[in-house]
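Taken in sequence, the protein lines are chains A and B.
In this text, residue positions in the first sequence follow our numbering: the first is 1, and each later residue adds one.
In this text, residue positions in the second sequence follow our numbering: the first is 1, and each later residue adds one.
Simulated from the structure, these hints should not be mistaken for lab results.
Since we're looking at a predicted model, the values are computed, not measured.
Wrong hints could be hidden among the right ones.
Claimed, not checked - Here are some of the chain B residues that sit facing chain A, going by a computed Cβ distance under 8 Å:
# : residue
1 : S43
2 : L44
3 : T49
4 : T108
5 : Q109
6 : Y110
7 : F111
8 : G112
9 : G114
To be verified - Under the rule of at most 30 Å between Cα atoms (straight-line distance), these lysine-lysine pairs were calculated in the DSSO-like manner:
#  : chain 1 : residue 1 : chain 2 : residue 2
10 : A       : K106      : B       : K41
11 : A       : K3        : B       : K64
12 : B       : K41       : A       : K69
To be verified - Cβ-Cβ distance ranges computed for the label pairs, FRET-style:
#  : chain 1 : residue 1 : chain 2 : residue 2 : range
13 : A       : M10       : B       : G53       : 37 to 47 Å
14 : A       : N57       : B       : Q60       : 34 to 44 Å
15 : A       : N57       : B       : S15       : 43 to 53 Å
Glycine included, each C-beta is placed from N, C-alpha and C at the ideal position.
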Amino acid sequence: DAKTTQPPSMDCAEGRAANLPCNHSTISGNEYVYWYRQIHSQGPQYIIHGLKNNETNEMASLIITEDRKSSTLILPHATLRDTAVYYCIVRVVDSNYQLIWGAGTKLIIKP
Amino acid sequence: GAVVSQHPSWVICKSGTSVKIECRSLDFQATTMFWYRQFPKQSLMLMATSNEGSKATYEQGVEKDKFLINHASLTLSTLTVTSAHPEDSSFYICSARDRGGAGGYQETQYFGPGTRLLVL
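With the sequences and hints as input, model every part of the structure.
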C-alpha cells in the first residue's frame, strides 16, 4: 500500500503558484520523498526529490516539514501544460528500489 | 533528466498472438528496469523488476510465463506479452533506474512514454 496521502484533485489559476500537499506521517529517517507527474496518456515524468532539506530545480520546489511528516510541491508559475496527475511517493529503501504509487492529485490549471 | 524510450508506442494485435515491447535507456546505463501496467483511470501497477543479467522478479498475481521479461544489456529490457487476450489490453510503461554515478541520493527512476496495447 502507498504510504502517502494526497488530495484527489485541485484547481489553480494559470500564472499562479500551485501548491500540492502530501502527507507521509510514517516516513522513516532514510526514506526520500519523490514527486512525479503524469500527463494524460504519457509515461510519468520525474519532477524532484528530497530527504529533509528543501529542494529547488528548474521545474519546481519541494518543501519538507522539519518533522518530515509532510511536504509540499510548488510549481511557481503554473501553465496549462502543468495539468496532470501529480504523485508523491516515498521511496522504499531496498535493493529493488521500488516506487509505490498511490492515486495522486489531479491538478487542473484554469485559464 | 535522463531519457528512456519505448517501442512501439501503439500496437494492435489479434487475440492469441505475441507482442514484444522494447525499453531503452538512451543516455545512461540501467542495471534495474521496471515494468508497469496502467488501466484507464487507475494508478500504475508494478508488474516486475528486471535486473540486467538475471531473472526478473514478478509481483504477486503477474504470470511470469505470460509476461516474459528479458534484460540482456544495461540499456535494453524487453517485455513480451505471449498469447495476448483482450484483457491484456492496457498501457504498459517501463522505467529505468539511474544511479547517478554515486547511488544513494542521486538515484532516480526515469520513465518511458508508454506503449498502448489493444488486443482484438
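Out of the numbered hints, which ones does the structure contradict? none
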